[in-house]
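Residue numbers (full-length UniProt numbering), protein chains in the order written: chain C, 1 to 278; chain W, 1 to 278; chain X, 1 to 278; chain V, 1 to 278.
These aren't lab readings, by the way, just hints derived from the structure by calculation.
Certain hints may be false.
Note that identical chains are pooled: a pair holds if it fits in a single copy or bridges any two copies.
Unchecked claim - Simulated crosslink set (DMTMM-like; lysine to aspartate or glutamate; CA at most 25 Å straight-line): (1) K96 - E25; (2) K198 - E66; (3) K230 - E83; (4) K167 - E66; (5) K67 - D221; (6) K167 - D257.
These figures come from a predicted structure and were not determined experimentally.
Protein chains: 4
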Amino acid sequence: MLATEKPAYKTRTHTIRHRLYRALETSYGKRRGVNLYFNLILVTVISLNALAIVLHTVPAYNLKYEKLFYDFELFSVTFFTIEYLLRIWVCVENEKYQHPVKGRLRYIFSTSAIIDFLAIFPFFFTLFAADLAIIRILRLFRIFRLFRISRYSHAFRMIQHAVADRKEELVLSVVLIVFMLIIVSSLMYYVEHNVQPKLFSSIPATMWWGVTAMTTVGYGDIYPITPLGKLLGGLVAIMGVGLFALPTGILVSGFLDHVRTTKTASQKRFCPHCGKEL
Amino acid sequence: MLATEKPAYKTRTHTIRHRLYRALETSYGKRRGVNLYFNLILVTVISLNALAIVLHTVPAYNLKYEKLFYDFELFSVTFFTIEYLLRIWVCVENEKYQHPVKGRLRYIFSTSAIIDFLAIFPFFFTLFAADLAIIRILRLFRIFRLFRISRYSHAFRMIQHAVADRKEELVLSVVLIVFMLIIVSSLMYYVEHNVQPKLFSSIPATMWWGVTAMTTVGYGDIYPITPLGKLLGGLVAIMGVGLFALPTGILVSGFLDHVRTTKTASQKRFCPHCGKEL
Amino acid sequence: MLATEKPAYKTRTHTIRHRLYRALETSYGKRRGVNLYFNLILVTVISLNALAIVLHTVPAYNLKYEKLFYDFELFSVTFFTIEYLLRIWVCVENEKYQHPVKGRLRYIFSTSAIIDFLAIFPFFFTLFAADLAIIRILRLFRIFRLFRISRYSHAFRMIQHAVADRKEELVLSVVLIVFMLIIVSSLMYYVEHNVQPKLFSSIPATMWWGVTAMTTVGYGDIYPITPLGKLLGGLVAIMGVGLFALPTGILVSGFLDHVRTTKTASQKRFCPHCGKEL
Amino acid sequence: MLATEKPAYKTRTHTIRHRLYRALETSYGKRRGVNLYFNLILVTVISLNALAIVLHTVPAYNLKYEKLFYDFELFSVTFFTIEYLLRIWVCVENEKYQHPVKGRLRYIFSTSAIIDFLAIFPFFFTLFAADLAIIRILRLFRIFRLFRISRYSHAFRMIQHAVADRKEELVLSVVLIVFMLIIVSSLMYYVEHNVQPKLFSSIPATMWWGVTAMTTVGYGDIYPITPLGKLLGGLVAIMGVGLFALPTGILVSGFLDHVRTTKTASQKRFCPHCGKEL
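One chain only, chain C, in its complex shape (with noise of 0.2 Å):
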């Protein structure tokens, strides 16, 4: 029947696409066939291509395998290319980008569209030239977009869950590092500028003092001669001390919610008189 042909068609297109969709979709949940093996190359490759990123920058390597690097490059492209191709042709079988058009343009700027996009397009201007090398290194990211596939799913989504949840205090306890830092720079460059000119020659210069100081990082290349500078810059290192201790208290008490939250929806108590629960 006619009615049914065009049904038939988009069957087996939706088969086809679907059984892709299937095979490439990485969201969270236990692996198996055809998409336990496709993620497990996907890893493999963005494990491999990070290698080749890291050893192409040692010059005894670089010159001995010159060859190896760059038919890599040029395998790692044309696979990430096709995956990239692909995943825009099947993405209208997820319910967030059903539209032909719409929905895939939606998709195509998408975070993780956009770094997938990002890993490919360096290669088609330039080969290995160092001032694009920079941006093969955001193939790296979609490394964290695979995590959830993993054994560590579940311990990948409690710390993001943490995380999010406290996103506003952690936010603004970077906000407060910032600012404490302007004003301990500030004051440090009035105190030392005189005495060590070259080193704290202005609050910017000052400030890289500022954050190794509140980090307790202490490279050793710039700090305070003065008495008043040292100071100061003990008691930075002391306030560098809660510096540690905020994101800290922030991110456990994020934690401990989402495990006393999990825990109180599988541990419900019931009240043992009247059945309601308690």
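Assemble the complex: chain C is given as a structure, and chains W, X and V must be docked to it using the hints.
Showing chains W, X and V alone in chain C's frame:
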């Protein structure tokens, strides 16, 4: 009627002053209308001031944009002075400062008004003089007052309450840190003074080592070289780990208390049997 | 009557000694009257002593105020000696040290009395001798006893209890740190010794690197330069992050336990049905 | 009777072997009698071994006490070899290794037996050879097994359980750290390579900077000098603060879970109305 004339006058004054008061106030809660716009302008001016204070110390920018810096300073001080005078005028609208004279005097000596005053007065003595420029940094502190109107007001209050709840424990841990600092620096002075008389010249000088060692900053400008000094230095560094644990532990218990209290209030449980609160 | 004369005498002695005991005691609780004033004087003398010990090592002050330092030392030792003798006299008022001889002997060998003794005895051997001056630092430890009379007594006890509750876990984590220190220093010695024989001269010498690396102090006087050494150094640094997490986690659980226990006592809940405790 | 003869023989063997097994075993619980003394001797020998391994590398001691070191090494290896062989003989007393051949083979390839073997085998190849001496450090790992018999066994188990409960989250945070390390080191390489080509020679070389910056060690042998590099370095240092917060938060929630679980078991509450567990 003459009897209503004065109230009418009062009401008029009240209306203008009250409107202005509501436009300027920065207490917690959602902003709307004039108040929102005024506070946005205030945040912008203060932020640009911070930027100007920081960039003004960079010789390259200072030479190039000297006129701009001067004009912006003039504008800022005018803006802050008008704002300061208006705040003194309208402060009587606040229940705490109702009396026209006594209330205003009390307002002038409140912490926030003093910070506002310190932000403007250096200008009237000397312009861009390095010795008073340091006081202009106080303007940066003004920004903390504005956190409460942002979308982070909830997070800010949570951190504020957690810190306030554990204020005594936090002060005490700072006191303990200072005490341990005096003790370990005294010991280190007697251990290292003979070998490194220039660096470990006195106990106060050794305290610079002490604070960088306990807070694990470790600039590398001063460190023990004798075996006994290294042993003591190692113990101090390990003690420093505990030093981070103390305020973190205190702050975490503060955060959790606050979270728990907030929850208990909204999640009161009632006995399903008799309806009374459990 | 002769029969009452002795009791009267005893009572009189008791009265003076008991009053003095109550004036000197530093157990927990609110201070009032003589006890408050005496303890304030004691805190002042101990604090000034700490200041004198610290400033005495600064050559400029030592030359200028030598007489003042000497006089203050003379006054301090006299003050502490009288206080020490009085404490021995009145200690029998305390239930723990009731026996005139055995009780007093036991008091003399109590930790706090030994600290009191060590604070004064060096003076009687030599005055301001550098080799014994170190013992004068012990006077600083006296101040810890005085925390309990301050307004921070509650906070001090809370920290004290949290630490005491988790003493075994904290001791164990220090032991684990020392073990890991021995292991990583031994490994690093075999890795770096051939390349940097002067710095990594032996395992004990390498432990100085180990402790500054694990505690993230990193002075920069000793660090690995071979690729394998840097790999090991990096692992040790990341391990050091966990090192901070362990005592912090232990202390936090200690704080929370204490908070929870305190609360449970005051927030007992009763069944609204039968009135019994829930 | 012949029928009982074999059992009698078996029982006798069993008795000796069983006694020896009970003397050697190091499972949790209070030690008594032979087992206590044997384990004390074992702890002493292992501790002295650790000391010998450490001090043997100090040239001064090595020359002076060469004979002593050699004799103690000979004694240690003999002691450990006998202990190792005895453990293989008696292991069949353990339910897990009952079979005389298969059980023993499985025991030999258990983690603890492999550590025991590695502690002795280097001796039989070469004495005090530097290239194998490194394996002797493995003897130190033996001491971890002995924590469980000490008075800290409860604390050790608590830490062990808290870490085991959160193993996946802790592994994941190490993986996240390594990922961030690769990303920030790659970025820093492209930023600083042109200005400091010797220090930031390749991405692997830059990772040494990355790990000392993220963990706030900061030796000061390598650090950015360009403004962009300093900006990135500052962000990495602040990110490092979060790095400490993550495992701490995970471990704290692990500790609290364990504490809560332990408590719930012993603090079950019962409904005063009907007697059933609440």
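Worksheet item: Which of the numbered hints above does this structure break?
Response: 3, 4, 5
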